[in-house]
Amino acid sequence: MTLWSARVEGSLTPEVREFLQAHDAELLPYDCRATLLHAHRLHAAGLLSGEELDEVAERLEEIEYEPGDEDVHTLIERRLGEVGRKIHAGRSRNDQVAAALRLYVGDASDEAVGEIERFARVVLELAEEDAETPMPGYTHLQRAQPVTLGHHLLAWVEMLERDRLRFSFAREQAAPSPLGSGALAGSTLGLAAPETSMRNSLDAVADRDFALDYLYACAVLFVHLSRIGEELCLWVTSEFGFARLPEEAATGSSMMPQKLNPDVAELARGKAGTALGRLAGLLAAVKGLPLAYNRDLQEDKEPVFAARRDVRTALSALAVLVAGITFDRRRLAEACADPQLAATDAAEALVGAGVPFRDAHEQVAAEIRAGTFEPPAQSAARPAPGPGGVRAALAEAKARFGA
-19 MTLWSARVEG SLTPEVREFL QAHDAELLPY DCRATLLHAH RLHAAGLLSG
31 EELDEVAERL EEIEYEPGDE DVHTLIERRL GEVGRKIHAG RSRNDQVAAA
81 LRLYVGDASD EAVGEIERFA RVVLELAEED AETPMPGYTH LQRAQPVTLG
131 HHLLAWVEML ERDRLRFSFA REQAAPSPLG SGALAGSTLG LAAPETSMRN
181 SLDAVADRDF ALDYLYACAV LFVHLSRIGE ELCLWVTSEF GFARLPEEAA
231 TGSSMMPQKL NPDVAELARG KAGTALGRLA GLLAAVKGLP LAYNRDLQED
281 KEPVFAARRD VRTALSALAV LVAGITFDRR RLAEACADPQ LAATDAAEAL
331 VGAGVPFRDA HEQVAAEIRA GTFEPPAQSA ARPAPGPGGV RAALAEAKAR
381 FGA
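Following our numbering, the numbering of the sequence shown begins with -19 at its first residue and continues without gaps.
Derived from the structure by calculation, the hints contain no laboratory data. Quick reminder that beta carbons are idealized off the backbone N, C-alpha and C, glycines included.
Quick list of in silico lysine-lysine cross-link-like pairs, DSS-like style, CA-CA up to 30 Å:
no., residue 1, residue 2
1, Lys239, Lys251
2, Lys251, Lys267
3, Lys251, Lys378
Have a look at the derived ranges for each label pair, beta carbon to beta carbon:
no., residue 1, residue 2, range
4, Asn241, Glu105, 21 to 27 Å
5, Asn241, Arg275, 41 to 47 Å
6, Asn241, Asp189, 37 to 43 Å
7, Glu105, Gly332, 36 to 42 Å
Take the sequences, apply the hints, and build the full model.
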């Protein structure tokens, strides 16, 4: 069964049918939701009886995915039986799939926000435990100035906060409804428009900006998870020795018995490239499409489905990894004890005594080159970045994430 077969005599060849097949099983519950909304519109217009509306609602609850149909829209109409022959009045697969995908992206965005918040709370718990633990801060992957481990971990939380906002924005962009737009120009049946209906019917069926917003949020999230993963990979090496992996979130080697590998962190880092590719792929798919609907838009679903799975699994696995990681505070303190990390403090101490900063900078640099540099006494104290120090920043972040 196809929804368009009345116009085409005969059937598609197996090769064409396979190529056109929509892999949209994940949309089924969302298409059912959109179909029920449409059924209420038909009922309000007198085109569906109360008994038929009840039948649609009951049968939609029972529908499960089964292969063989061209897409889930066809599956739903077939499974609705005789009343299904009425359900497509006043709508097209164009506004139907747009409505279902918007519902899907809304849920996926909400799910991402929840996973980000859970991961952030794990990081915050670790940051609180080591709020005052000294460690070297880095630029160019070289030791630069002393900070605290808590302050460093709070930087991760700030990235996650921006990710949370991006997914919330994607959820808002997916909220307007395209129902009532039909194929591109509505219908003559006088169906009531949804309260959140989009203003232009051509745009409603052609727009995939909301999917791009979602994939963009996923891409930036994975860029951040990649940076976090890279730091974890560095910290657990013998060369750094700052941390040890939890065995419940690490793997061994099939050949080298001594190995404990940070595969979770590495794969989170690796998936950033895939996330970026999904965004670039959909951007390329929609960049040259004339209004309104084109079959190219069938390519919008699989990257969104895959992105949702990766966001959920990556954040869950990283939460286990970070919750179980242990830090070597002695090693961190030793790495932070290099006198040269106090070079900026020394230059600023000279500035405080009235020396122009450039002169102070040159004087301290000369002392370091000559091997005569001595850090100022006050540099032994650990820094407290920001107003109120790391503890205040930690309390504010915990309030934001409900920790």
